[in-house]
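Trainee: Each chain, written out:
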Amino acid sequence: GAVVSQHPSRVICKSGTSVKIECRSLDFQATTMFWYRQFPKQSLMLMATSNEGSKATYEQGVEKDKFLINHASLTLSTLTVTSAHPEDSSFYICSARGDSVTQHFGDGTRLSIL
Amino acid sequence: SQELEQSPQSLIVQEGKNLTINCTSSKTLYGLYWYKQKYGEGLIFLMMLQKGGEEKSHEKITAKLDEKKQQSSLHITASQPSHAGIYLCGAEERQGGSEKLVFGKGTKLTVNP
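Residue numbers (our numbering), protein chains in the order written: chain A, 1 to 114; chain B, 1 to 113.
Just so you know, the hints here were simulated from the structure itself, not pulled from any lab data. Source: prediction; values computed, not measured. If a hint is listed, it holds; no wrong ones were tucked in.
Derived EDC-like pairs: lysine to aspartate or glutamate, alpha-carbon spacing no greater than 20 Å straight-line: (1) A:55 - A:65; (2) A:20 - B:41; (3) B:105 - A:59; (4) A:41 - B:41.
Required output: the full structure, derived from the provided sequences and hints.
Mentor: Written as structure tokens, this is what we have:
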């Protein structure tokens with residue numbers, strides 16, 4: 001149980017493109033979803049927390065207009081990187097939490113902006 | 001804010017050897033999580049500890065939380081190549097009503113056959 005699916009697993013696109021990443025909880029309802037970013041050899045850095053039906057809470061230093069988060073249902077949250085640039089290249093990973101306090105993670109999305 | 005320090009940063013062991021990874025917090029731990037990550041992949045939940053002195057085991061992996069709830073250790077017995085990966089500890093940071101996780105930088109484990 002507690003499976004989280006993240007799609008796509010890898011994206012390569014040109015600078016200026018907007019990229020959407022989906023995070024789905026497959027077998028439970030996720031009241032809260034989290035989006036992280038991970039740089040090489042670094043830990044996960046929380047970008048934002050989203051609760052179903054409400055606006056996401058962004059961490060300090062994360063541009064909300066750059067990283068649009070939508071949590072439209074209890075099983076789906078999306079992260080859109082708008083007008084992506086090479087510095088946005090990174091590994092993005094989502095997690096979902098249902099009734100238990102444990103966060104369950106997706107497999108991540110490797111974003112490469114050329 | 002809470003900071004987690006993991007040691008060692010990397011570890012290379014021979015198959016069959018035991019090993020321990022430590023996670024030390026700057027503040028009291030309300031919930032301590034251990035995850036395993038393979039490079040470029042998601043995190044696999046291993047165990048969660050909440051009470052001082054708590055110990056949990058799953059197969060050959062044992063995690064402990066000290067009585068003061070500021071340090072946790074992850075012990076692997078008779079390591080196998082399948083144990084290789086990056087082990088991350090994460091702690092609940094209760095701040096302003098939100099319960100988010102703060103992670104350590106990870107310990108990269110290599111198990112040589």
